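Student: Produce the entire structure from the sequences given, and follow the hints as far as they go.
Residue numbers (this note's numbering): 2 to 310.
No lab work stands behind these hints, which were simulated from the structure alone. Computed from a predicted model, the values in this text were never measured in an experiment. Where hints are given, some of them may not hold.
[Said to hold, decoys possible] Lysine-lysine pairs mimicking DSS-like chemistry, simulated, CA-CA at most 27 Å apart:
1. 72 / 17
2. 296 / 242
3. 242 / 214
4. 222 / 185
5. 115 / 97
6. 225 / 251
7. 242 / 222
8. 273 / 222
9. 240 / 251
10. 214 / 225
11. 240 / 157
12. 281 / 17
13. 251 / 296
14. 281 / 251
15. 120 / 97
16. 222 / 240
17. 60 / 72
18. 251 / 57
19. 225 / 115
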Amino acid sequence: MAEPIISVQDVHRSYKNVHALQGVSFDVPEGTVFGLLGPNGAGKTTLVNILTTLLKPNKGTAFVAGIDVVKNPSTVRNLIGLAGQYAAVDENLTGKENLEMVGALYHLPSKEAKRRAQKLLEEFSLTDAANRTVKTYSGGMRRRLDVASSLIGEPKILFLDEPTTGLDPQSRLELWEVIEHLVKTGTTVLLTTQYLEEADRLADTIVIIDQGKVVAQGTAKELKAQIGAGVMEIHPADKTKLGMLAETLKEYHPHIDMPSGLVSFSVHEGSKTLPEMIRKVDAAGIEVSDIELRKPTLDEVFLELTKKF
2 MAEPIISVQD VHRSYKNVHA LQGVSFDVPE GTVFGLLGPN GAGKTTLVNI LTTLLKPNKG
62 TAFVAGIDVV KNPSTVRNLI GLAGQYAAVD ENLTGKENLE MVGALYHLPS KEAKRRAQKL
122 LEEFSLTDAA NRTVKTYSGG MRRRLDVASS LIGEPKILFL DEPTTGLDPQ SRLELWEVIE
182 HLVKTGTTVL LTTQYLEEAD RLADTIVIID QGKVVAQGTA KELKAQIGAG VMEIHPADKT
242 KLGMLAETLK EYHPHIDMPS GLVSFSVHEG SKTLPEMIRK VDAAGIEVSD IELRKPTLDE
302 VFLELTKKF
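Tutor: This is the structure:
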């Protein structure tokens, strides 16, 4: 097997009495999108800061392209790009000037910086706005420019820390398409996100961390299989009986969804559970308007594995 392009082994990081990371380990194959999921405060950004040499671990090792991030940080920085949670662009410069400025910071010759800037403006559909100041850009355009800036050095690995935070659905979709194009051209992407559908669409492999520890790892399909073969949804005819329905089915550890007016729970044997469940509901005198057995979503996997579903 090929060596992983990112390797994290037993990484710990604490801030006084706060244990942000507690023995995190995983490998990232080259040329893939690796999704890092977790609730706020799980340690995602701390881990990204370690991998991008902005922070040192208290214990454990991390390698990027085979290079130790602690022992050789400057070498690692020459191989990576980073786009944080908020667009790091100068509003008073044009899009083109922003990219050329970043090229200068990479010590690129002026001609080469301009060439790469023009190429990225085209790839990110920003040519029409190239000579406009960034303060006139929409949120989606700023985010695309920020990601473009992280690519001016032509990195082998791109770290995207919640890149679509605050974007509207259309802008998010546009950025997803950009990420997919980058991977097709050989870039490895490590993506942290709060949007489960984002990881479901983009990530080849997903790691879920909670309270600084890895709680699950695998493809989206494999993770969905961990919480059961499916999810049963029961809609009572009378929404005021949601609580009564949940109490009747308490052995299945149901979840009440008030806005949707349903009770749901994960099942491993839907064909066996369905008749048992119907008998219990009938015996309780609860009229049901609809019953559905469906595949679990990544959202449900996330909530289940972080103990909130």
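Student: If any of the earlier hints don't hold here, list their numbers in rising order.
Tutor: 3, 7, 11, 12, 16, 18 and 19
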